[in-house]
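Trainee: Knowing the structure of chain P, use the given hints to seat chain B on it.
Protein sequence lines correspond, in order, to chains P and B. Here the first sequence is numbered in the UniProt record's numbering, starting from 1 and rising by one per residue. Here the second sequence is numbered in the UniProt record's numbering, starting from 1 and rising by one per residue.
Among the hints, a few may not be true.
A pair holds if it fits inside one copy or across any two, identical chains being indistinguishable in the list.
Here are the simulated lysine-lysine pairs, DSSO-like style, with alpha carbons at most 30 Å apart [stated by the list, open to error]:
id, residue 1, residue 2
1, Lys27, Lys91
2, Lys141, Lys189
3, Lys77, Lys141
4, Lys77, Lys91
5, Lys9, Lys35
6, Lys189, Lys91
7, Lys27, Lys9
8, Lys91, Lys9
9, Lys51, Lys189
10, Lys9, Lys51
11, Lys77, Lys51
12, Lys35, Lys51
13, Lys189, Lys35
In case anyone wonders, no lab produced these hints; they're calculated from the structure.
Number of protein chains: 2
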Amino acid sequence: MANDQVLTKEAILDAAEQVLRRYGPDKTSVVDIAKALQVSHGTLYRHFPSKTALREAVTERWLQQSVAEPLSAIIEKQHSDADEALHMWLKTLIEIKRSASLNDPEMFAMYAAVTLDATAIIAEHIDSLTGQIEVLLERGKVSGAFRYDQPADRLARAVFSATAKFHHPAHAAEWTGESADEEFGSLWKLLLSGLASSK
Amino acid sequence: MANDQVLTKEAILDAAEQVLRRYGPDKTSVVDIAKALQVSHGTLYRHFPSKTALREAVTERWLQQSVAEPLSAIIEKQHSDADEALHMWLKTLIEIKRSASLNDPEMFAMYAAVTLDATAIIAEHIDSLTGQIEVLLERGKVSGAFRYDQPADRLARAVFSATAKFHHPAHAAEWTGESADEEFGSLWKLLLSGLASSK
Chain P
1 MANDQVLTKE AILDAAEQVL RRYGPDKTSV VDIAKALQVS HGTLYRHFPS
51 KTALREAVTE RWLQQSVAEP LSAIIEKQHS DADEALHMWL KTLIEIKRSA
101 SLNDPEMFAM YAAVTLDATA IIAEHIDSLT GQIEVLLERG KVSGAFRYDQ
151 PADRLARAVF SATAKFHHPA HAAEWTGESA DEEFGSLWKL LLSGLASSK
Chain B
1 MANDQVLTKE AILDAAEQVL RRYGPDKTSV VDIAKALQVS HGTLYRHFPS
51 KTALREAVTE RWLQQSVAEP LSAIIEKQHS DADEALHMWL KTLIEIKRSA
101 SLNDPEMFAM YAAVTLDATA IIAEHIDSLT GQIEVLLERG KVSGAFRYDQ
151 PADRLARAVF SATAKFHHPA HAAEWTGESA DEEFGSLWKL LLSGLASSK
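Okay, chain P solo, but in the shape it has when bound (with noise of 0.2 Å):
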């Protein structure tokens, strides 16, 4: 039974995403999670000072935790070319949301709900995506793999924003068409045939 003194930030937000995914991010409320976790309402405002920032902190670990630590997984293995970890990496990321669309749909409601609110979270969670891209065209360049002129991080910002119908939540209905796989498909051979060439 927690009380006041062992209540960490990382048991509040186990116990919130446990709660969130019984009832759902509109239903649940800071009392259910309070209830959950056995300690007051007070308590659990003196961590999380409202509902919002509560869902945020939620939202916030799930994206570091099942979007960016995989996919910085794969900037990790030094064996792939640069375009070849490229794909991969765009295709893990489509991949990801796709499964959370329809695997963990309550979780998925929730961090499309705080993208939709457009806060610091999301904001920080695209730089250190188009970071972990900026990587792979920078490592691309050196290869031989891409050639560009343009800065790199405005680059991997244009590779994010072409790549949004495939991994951002608000196209998620878009998703599980038949033709999803072969228009990504598309899409990435344009990308790659503008990544090697020289302008």
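Mentor: Same frame as chain P, but now just chain B:
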């Protein structure tokens, strides 16, 4: 004063558009539109069987007149190179959507809602726009501005998808940021490099 004999589809859509702009898409009822036309509610239902059908018809006309037709005019100007024409076409599409979201918010909100419902009219509209891109891609292949191996219809969809962040209504909140034009500029350079190369 309208009566059933002279009630044309265009007259209904004109009235519906006017009422919609006054009350907004959520608060507008079929009864409001019937009142504006000075016909009975039943008379209006004989022409449009539901509020949904009326909303879709107003949106369809708006997409045709305010989006597809001005873009088609760019295609018909034969004097520019295909790459310049495609750049102008995309910038015009982006500007039409941004302007509507700012200056015609009720119509834009209805279009955004109809888009979420993924109706057949949106699919037809996208077919029409990607058909226009296809014409430019084929023209550019003939002139040498573009080199590509993919079927032009698939590549046209890839170009449309790649720019979705700048014209799909789900992203409207992102269009007013200072960096939106610069971001599109980077993306366009990448796409142009891809279209001008041979993969």
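Trainee: Would you mind marking each hint as holding or not holding in the structure?
Mentor: Structure-based check of all given hints:
1. Lys27 to Lys91: neither (33 Å within a copy, 42 Å between copies)
2. Lys141 to Lys189: both (18 Å within a copy, 17 Å between copies)
3. Lys77 to Lys141: Result: close within a single copy only, 17 Å intra versus 39 Å inter.
4. Lys77 to Lys91: Answer is within; shortest intra-copy Cα gap is 16 Å, inter-copy 39 Å.
5. Lys9 to Lys35: within (16 Å within a copy, 58 Å between copies)
6. Lys189 to Lys91: both (13 Å within a copy, 23 Å between copies)
7. Lys27 to Lys9: within (22 Å within a copy, 44 Å between copies)
8. Lys91 to Lys9: neither (32 Å within a copy, 47 Å between copies)
9. Lys51 to Lys189: neither (43 Å within a copy, 43 Å between copies)
10. Lys9 to Lys51: within (14 Å within a copy, 49 Å between copies)
11. Lys77 to Lys51: neither (39 Å within a copy, 55 Å between copies)
12. Lys35 to Lys51: Classified as within: same-chain Cα gap 14 Å, cross-chain 44 Å, threshold 30 Å.
13. Lys189 to Lys35: Close neither inside one copy (52 Å) nor across copies (54 Å); limit 30 Å.
The structure shown violates the earlier hints numbered 1, 8, 9, 11 and 13.
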